[in-house]
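S.K.: Each chain, letter by letter, is given below.
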Amino acid sequence: MPLVYFKNVSKAYNGSLILDNVTFEVKSGEFVSLVGRSGVGKTTILKMLIKEEPPTKGRIFFNDKDINKFKPGEITFLRRKIGMVFQDFRLLSNRTAYENVAFAMEVAGYSEQAISKDAPELLKLVNLEEKANNFPHQLSAGEKQRVVICRVLAQRPELILADEPTGDLDPINAWEIIKLLTKINELGTAIILATHDKEVINTLEKRVISLDKGKIVRDEESGKYLI
Amino acid sequence: MFILIKRVFRTAWQGLVRNNWLSFTCISMLAISLIILSSILIFNNTSNNLINILKDKMDISIYFKRDVPEEDILKIRDDLIGNEKIAKIEYISQEEALKTFEEKSSRNPAIKRALEELGENPLAASLNIKAKDTKYYTEIINDIDNSAFKEKLITVDLMENQRVIERINSLSVGIKISSILVILIAAFLSLLISFNTIRMAIYSLKGEIEIMKLVGASNWFIRGPFLLEGALQGIIASFIATLILIPLIMWGSPRVESFIVEISMSLYFWSHFWYILLYQTLFGIFLGIVSSFWAMNKYLKV
Chain A
1 MPLVYFKNVS KAYNGSLILD NVTFEVKSGE FVSLVGRSGV GKTTILKMLI
51 KEEPPTKGRI FFNDKDINKF KPGEITFLRR KIGMVFQDFR LLSNRTAYEN
101 VAFAMEVAGY SEQAISKDAP ELLKLVNLEE KANNFPHQLS AGEKQRVVIC
151 RVLAQRPELI LADEPTGDLD PINAWEIIKL LTKINELGTA IILATHDKEV
201 INTLEKRVIS LDKGKIVRDE ESGKYLI
Chain B
1 MFILIKRVFR TAWQGLVRNN WLSFTCISML AISLIILSSI LIFNNTSNNL
51 INILKDKMDI SIYFKRDVPE EDILKIRDDL IGNEKIAKIE YISQEEALKT
101 FEEKSSRNPA IKRALEELGE NPLAASLNIK AKDTKYYTEI INDIDNSAFK
151 EKLITVDLME NQRVIERINS LSVGIKISSI LVILIAAFLS LLISFNTIRM
201 AIYSLKGEIE IMKLVGASNW FIRGPFLLEG ALQGIIASFI ATLILIPLIM
251 WGSPRVESFI VEISMSLYFW SHFWYILLYQ TLFGIFLGIV SSFWAMNKYL
301 KV
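Heads up: the sequence lines are chains A and B, in that order.
Per the numbering used here, the first sequence runs over residues 1 to 227.
Per the numbering used here, the second sequence runs over residues 1 to 302.
Worth double-checking, as some hints may not be accurate.
Taking beta-carbon pairs under 7 Å as the criterion, some of the chain A residues facing chain B (in silico) [as the list claims (entries may be wrong)]:
1. Thr76
2. Arg80
3. Met84
4. Ala104
Treat the hints as calculated values from the structure; they're not laboratory data.
Backbone N, C-alpha and C fix where the C-beta goes; we use that ideal spot for every residue, glycine too.
Model the full assembly from the supplied sequences, consistent with the hints where possible.
M.R.: See the structure below:
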């Protein structure tokens with residue numbers, strides 16, 4: 001049973017087709033990169049997976065369940081199973097790094113004891129224990145992205161969606177984030193990385209799904225950025 | 001459950017303190033709304049009190065010709081007391097009327113001299129009638145006008161009384177209707193002011209709400225602290241409004257009293273202080289919660 005299954009999915013905005021009959025699967029624990037030029041539909045695929053956007057046509061399955069049939073309560077549960085890393089970080093601006101991680105744990109129903117034990121450990125894991133009480137505006141871009149990854153990990157998701165996570169980072173910080181994602185994947189969490197960073201893709205040597213004009217043009221194990 | 005409540009309170013308090021400028025704006029606007037509403041309520045209540053005072057002072061006095069014996073007047077009084085519209089009748093004899101008149105005009109030697117020159121009591125015996133309700137006065141006057149003892153009465157200014165009574169009655173109804181209208185308009189304006197301010201505040205936090213949704217928070221998990229924050233803003237606004245109302249009433253009350261002596265806003269304010277504070281706080285909480293609820297619903301649809 002695949003973890004994610006896109007079955008003949010199309011998406012149109014105002015009559016303009018962004019995704020055209022896309023079909024692919026992602027297995028549990030897999031690392032998949034979605035590559036293609038800007039506007040090719042990479043982010044749309046990720047948004048549809050967390051039901052931020054509905055597909056115009058086709059069906060999307062997570063753990064064999066059609067997410068289009070999910071009720072509001074099931075969507076919140078789905079979003080705890082699928083962690084999202086954004087290019088623009090999307091941290092809660094009036095909460096500290098620690099509180100951002102703690103919030104994700106509160107949402108998932110963790111106890112106060114579990115939060116006060118796990119949240120500092122997660123921040124320590126990404127070398128941010130000393131900046132736990134800093135607000136997002138007091139953190140660098142790389143630090144913000146590491147807090148986002150902590151927030152995602154706090155919910156112990158089955159799948160992480162990373163939408164251009166290195167887009168706003170300098171090369172050193174970008175590689176730290178990619179290394180972190182690889183490490184998380186090695187520990188068993190599936191990852192879908194949407195990027196147009198050629199260097200990152202070519203170095204990763206993981207499965208690559210290439211998109212062009214709304215269609216999948218290539219799907220290779222240990223693929224390269226060839227668009 | 002206890003943990004959830006604790007988290008909601010903690011988050012609401014953090015929101016209030018950390019978004020201090022937004023909180024300040026919302027609280028200020030809520031306080032202004034509450035001041036408008038409370039001032040109108042205080043003014044309306046004091047003017048209603050004025051109407052009640054006027055109504056309480058109202059009565060009908062019927063004066064008897066001087067040759068009508070006291071027994072006849074007392075019999076008429078006993079007959080009238082059976083009228084279900086009448087609450088109380090007081091008999092004032094000629095002697096009592098003179099005594100009261102002399103007391104009232106004791107400082108006026110001209111009147112005293114005039115009375116001495118007359119050599120006899122010029123005043124008539126009378127019955128002071130109080131109705132169970134002011135609306136009965138007109139009917140009572142009509143009853144008297146059509147009664148058998150009308151011949152025994154000195155020409156009474158019944159019509160004049162009737163006009164005053166009708167005017168007070170219509171004034172009372174007018175004040176009641178306009179009070180309700182003004183209160184409704186003020187409540188609507190309060191709701192509009194606070195709703196739009198809180199809507200703008202929540203609009204600036206829509207990104208945060210969307211993030212919370214994407215992290216997997218349920219609508220009520222997100223809503224809870226915002227609603228509590230709205231309620232806390234309402235409570236703080238109510239206290240601020242009260243602190244502003246006190247000097248406002250102290251300043252305004254003597255000025256209103258210089259026009260209409262019976263309207264004492266400060267007396268009403270202090271005698272109803274806890275009641276005003278309570279309803280104002282409850283209305284503040286209501287405004288805060290309802291405005292937050294409406295304003296954020298739109299952003300929860302992510």
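S.K.: Hint by hint, work out which the structure violates, then give me just those numbers in ascending order.
M.R.: none
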